[in-house]
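Trainee: Each chain is listed here by its residues.
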Amino acid sequence: MKLIFEYNENDSQHISSIQDLDDNENNNVERLGKYIPVGLPNGLLRKELPLPNVSEPTVVRHYTNISHLNYGIDMGFYPLGSCTMKYNPRVNEDIARLDGFQNLHPLSHEDCNQGSLQLMWELEQDLKTITGMDAFSLQPAAGAQAELLGVMMAKAYFRREHQKQRTKIIIPDSAHGTNPATASMCRFKTITIPSDTRGNLDIYKFGQALQDDVALVMLTNPNTLGLFEENILEISDLAHKNGTLMYCDGANMNAMLGITKPADQGFDLIHLNLHKTFSTPHGGGGPGAGTLGVRTFLKDYLPLPRVIKNDGKYVFDYTQRKSIGTMRFCYGNFGMLVRAYSYIKSWGNNIRNVSKNAILNANYLLSLLKNDFEVPYDRSCAHEFVLSSKRFGDKSAMYISKRLMDYGFHPPTIYFPLIVREALMIEPTETESKETLVKFASALKCIAQEFKEKPDFVKGSPYTRHIGRLDEVAAARKPNLRWTPPIHPD
Amino acid sequence: MDFIPTTDADKQYMLNQIGVKSVDDLIQILKPRLQDKLDLSRPLSELELVNQLRFLSQKNKLLKYFIGAGSYNHYIPAAVAHLILRGEFLTGYTPYQPEMSQGTLHAMYEFQTYICILTGMDVSNGSLYDGSSALAEAALLSSSYKGRNSIFVSKGLNPEYFKVLKTYCEGAGLIITNVLNEDTACVIAQNPDFYGNIENLQYLSEQAHKTGALFIVCVIEPTSLAILEPPGNYGADIVVGEGQSFGLPMNFGGPYLGFIAVKNFLFKKIPGRICGMTTDINGNKGFVLTFQAREQHIRREKATSNITTNVALMAIASTIYLSLMGRTGLVSVAESSYSRAHYLRDKLESVGLTSLNTKPFYNEFIMQAPFGTSKRILSNLLGNGILGGYDLGEDKMLICCTEMNPIKDITSFVSITKETIT
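Sequence order for the protein chains is W and R. For the first sequence, counting from 1, position 274 maps to 274 in my numbering; every step adds exactly one. To convert, take the position in the second sequence, counting from 1, and add 1000; that gives my numbering.
Chain W with its partners taken away, still in its complex shape (with noise of 0.2 angstroms):
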């Protein structure tokens, strides 16, 4: 497929779409015209720019089939385990382009912006009844920034009391890559401490590690093995006294929705992932938006501005001096929790239905796959599940990956959790029919079986994609990170 770049098409109609025919009238583009930046002083003026001239008929085809080369949770299953690949309801697209909610300008006066404030404010109630924590921030883009800010407040938290001993974070062998970057991008070490052999952490190991020197322990709950911690309890316990805080990366936050609040399991920040648990779509890698909720006591810390009900008017409060600061320029994704707000909405008091039939699919699905693949752990699972694929042998889970595409199947999450040797992570949601689950239980089986009789036919796979195998070394060895212009010589 053709870059943009590369069309011969030299259309100059497109500035018709922004002209102002009333402007056109009385001299006013005459007016205008004696404003055209010819000449800015001290070459301050562009001399070319080797931009494309397509035409919309074109650019329109262009971009619908490149479209046609991607898969989407649109066209099928995508068990990615731990992204939560649910179903993205349309109806939430139409409400976020509601002319009063995408065309406010944010600095608006206030008096202009209670539609959307108050949707604001009400989205933060209902994330407080859901964990059970105190107070949300909306700002955070994502569950990494979210994290970020977590670490920043607990960092302020521990400056205030006078404990500016405590440098480290702990977190589990199981632990998402951006927990322990997080902890970099604050000046933070990391002890990382086991899992046992029911996939909990090891909680002896746990107990040792918690010395004063520790600010945070960060855990996924479930965790990315797909297992509820047994020991939660005792956990925030021993954190507790040991004057240390807990952080709850919600990433998994589908398997609890109504069961159980983290706030109950001792967690005093938690992070909720919008566009996992609460389906804004996930457009390829973002915008998401990663809500970071808090006990009372870390409330003051949290970026500003925040949006209080004064007298039945809604309004941002920009007054609390421990807060950090800030982590973007206004508010956070806006449009994203529109989606999240009217998901929740939608689902009510009856939200309890996503997580049981998460949990129901994942485990009937693991039921489905027991006998083929390795199960490290023998306990039910929670909304997800990791299989490792090692009786066949090294990189298979990539293989398998590949094959599985043949059959019309995003593949799993491959090569995570760490503590997994050729871990497959497979998440189904449960937005998926049973007849899906069948479907796909089969296709691993066959691979399977087809790894066990021409395994350098598997190696090879896929077939049936727009493309074959990709090489990503070479995309390493010789970089090509963007189109360049020819040299016009002059």
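By construction, these hints were calculated from the structure, which means they are not laboratory data. You may find that some hints are simply not true.
To be verified - Using 25 angstroms as the maximum straight-line C-alpha spacing, the simulated DSS-like pairs for lysine-lysine come out as follows:
1. R:K1146 to W:K189
2. R:K1418 to R:K1396
3. R:K1166 to R:K1155
4. W:K299 to R:K1396
5. W:K299 to R:K1163
6. W:K478 to R:K1011
7. R:K1263 to W:K47
8. W:K168 to R:K1011
9. W:K128 to R:K1037
10. R:K1031 to W:K205
11. R:K1359 to W:K34
12. W:K322 to W:K168
13. W:K434 to R:K1163
14. R:K1166 to W:K164
As the list claims (entries may be wrong) - Derived Cβ-Cβ restraints for the label pairs, each shown as a range:
15. W:K164 to R:K1031: 33 to 39 angstroms
16. R:K1037 to W:D372: 34 to 40 angstroms
17. R:Q1012 to W:T167: 50 to 56 angstroms
18. R:K1268 to W:D372: 39 to 45 angstroms
19. W:K128 to R:N1357: 42 to 48 angstroms
20. R:G1283 to W:G348: 53 to 59 angstroms
21. R:L1034 to W:T197: 50 to 56 angstroms
22. R:S1144 to W:H466: 35 to 41 angstroms
23. R:E1349 to W:R159: 46 to 52 angstroms
24. W:T197 to R:R1042: 53 to 59 angstroms
25. W:K241 to R:L1356: 58 to 64 angstroms
26. W:T192 to R:K1031: 53 to 59 angstroms
To be verified - Where chain W lies over chain R, by a calculated footprint (3+ residues, C-beta under 8 angstroms):
27. 1030-1038
28. 1059-1067
29. 1251-1257
30. 1285-1299
31. 1396-1408
32. 1412-1419
Quick reminder that beta carbons are idealized off the backbone N, C-alpha and C, glycines included.
With the hints as your guide, set chain R onto chain W.
Mentor: Just chain R now, kept in the frame of chain W:
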């Protein structure tokens, strides 16, 4: 409207297959369990949901916008929304499996190219959250690359961006100063600056390089790059900015589109996703995420940043906008914005306001109203459905125009202002 395809019969079958009586058996280890339903409102049908939310959206009041200050009201061609609503773009995941994601990757490669051409730089990434966090990431990058802890910020940086930079720097133990010395990791300047001024940054760039610091230019209104000299041509080592002007609605502040572009020597240090072209086993051209060893899922605590989810769909939307507008369209947006702003400035001067820009400006400018009048001016404008600018205090107003401000509205703005003063 619950989007759960399994029937009661299916669920019973599945429970039998698993070997339990009910889902409760699967979650019994979860503690502590909630006894009652969550205290949320009752579920809504799609019809009820749409009615409620439409009502809520109508509590907002849209105005005629003569304000920028970080978010710009430009025209978005209709085809952008139609294309990004396609399920193939909307509902795909991060392209870790490139054979399933050539659509996203192809568009990403084009996005990276557009950013490089517009900024005059060598390599761009696939997006960061927004312009302010992109600036913060550039500061962190500079500090890590140079092994220095001081950040020099030129005056004229958007104050909200400054707050974000300060927040990130405090987290990382970096200091923001106005002293340029051997501990300076980077020098940051916004162009056009917060007050609309188009700066000649050649001198500042040379000063930065003399002390061994990196020179970072921050572009918050990138339609300016259609007509202004790209920062890559006047010594920028890093260009960061906000892509919202390229086809994204103002959306009350987000989602927006951060970009970062660097000269070749820095590309292995940048955060976020990078797409590269390669071939498949049959020699066909294709795209993959590349240099992933910089990122959190591989390098973990040694990663260049913790960023994972970015704003891929917004990058695709911008790519489509730039393709639809084309070179001539983009230049006409810039010329229209520039000329309307200058026309309004002249008219406001003629009714008694003072123009405070000492340098040439793009589409934003500051006017000084007669003593004690600016609040009344802005309030009267608001009463007529016009957001007249960003109140800088002390009777100073930061005003912006784009192709979305027709002459008749500019004329109303001026006459209401004149009436208020006299």
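Trainee: The structure should be examined with respect to each hint, and the outcome stated for every one.
Mentor: Now the hints, each set against the structure:
| no. | hint | in the structure |
| --- | --- | --- |
| 1 | R:K1146 to W:K189 | holds, 21 angstroms |
| 2 | R:K1418 to R:K1396 | holds, 16 angstroms |
| 3 | R:K1166 to R:K1155 | holds, 14 angstroms |
| 4 | W:K299 to R:K1396 | violated, 35 angstroms |
| 5 | W:K299 to R:K1163 | holds, 19 angstroms |
| 6 | W:K478 to R:K1011 | violated, 52 angstroms |
| 7 | R:K1263 to W:K47 | holds, 20 angstroms |
| 8 | W:K168 to R:K1011 | violated, 45 angstroms |
| 9 | W:K128 to R:K1037 | holds, 14 angstroms |
| 10 | R:K1031 to W:K205 | holds, 22 angstroms |
| 11 | R:K1359 to W:K34 | holds, 19 angstroms |
| 12 | W:K322 to W:K168 | holds, 22 angstroms |
| 13 | W:K434 to R:K1163 | violated, 50 angstroms |
| 14 | R:K1166 to W:K164 | holds, 20 angstroms |
| 15 | W:K164 to R:K1031: 33 to 39 angstroms | holds, 35 angstroms |
| 16 | R:K1037 to W:D372: 34 to 40 angstroms | holds, 38 angstroms |
| 17 | R:Q1012 to W:T167: 50 to 56 angstroms | holds, 53 angstroms |
| 18 | R:K1268 to W:D372: 39 to 45 angstroms | holds, 41 angstroms |
| 19 | W:K128 to R:N1357: 42 to 48 angstroms | holds, 46 angstroms |
| 20 | R:G1283 to W:G348: 53 to 59 angstroms | holds, 55 angstroms |
| 21 | R:L1034 to W:T197: 50 to 56 angstroms | violated, 30 angstroms |
| 22 | R:S1144 to W:H466: 35 to 41 angstroms | holds, 39 angstroms |
| 23 | R:E1349 to W:R159: 46 to 52 angstroms | holds, 50 angstroms |
| 24 | W:T197 to R:R1042: 53 to 59 angstroms | violated, 44 angstroms |
| 25 | W:K241 to R:L1356: 58 to 64 angstroms | holds, 60 angstroms |
| 26 | W:T192 to R:K1031: 53 to 59 angstroms | violated, 26 angstroms |
| 27 | 1030-1038 | holds (count 7) |
| 28 | 1059-1067 | holds (count 7) |
| 29 | 1251-1257 | holds (count 6) |
| 30 | 1285-1299 | holds (count 10) |
| 31 | 1396-1408 | holds (count 4) |
| 32 | 1412-1419 | violated (count 0) |
The structure fails hints 4, 6, 8, 13, 21, 24, 26, 32 (numbered hints given earlier, in ascending order).
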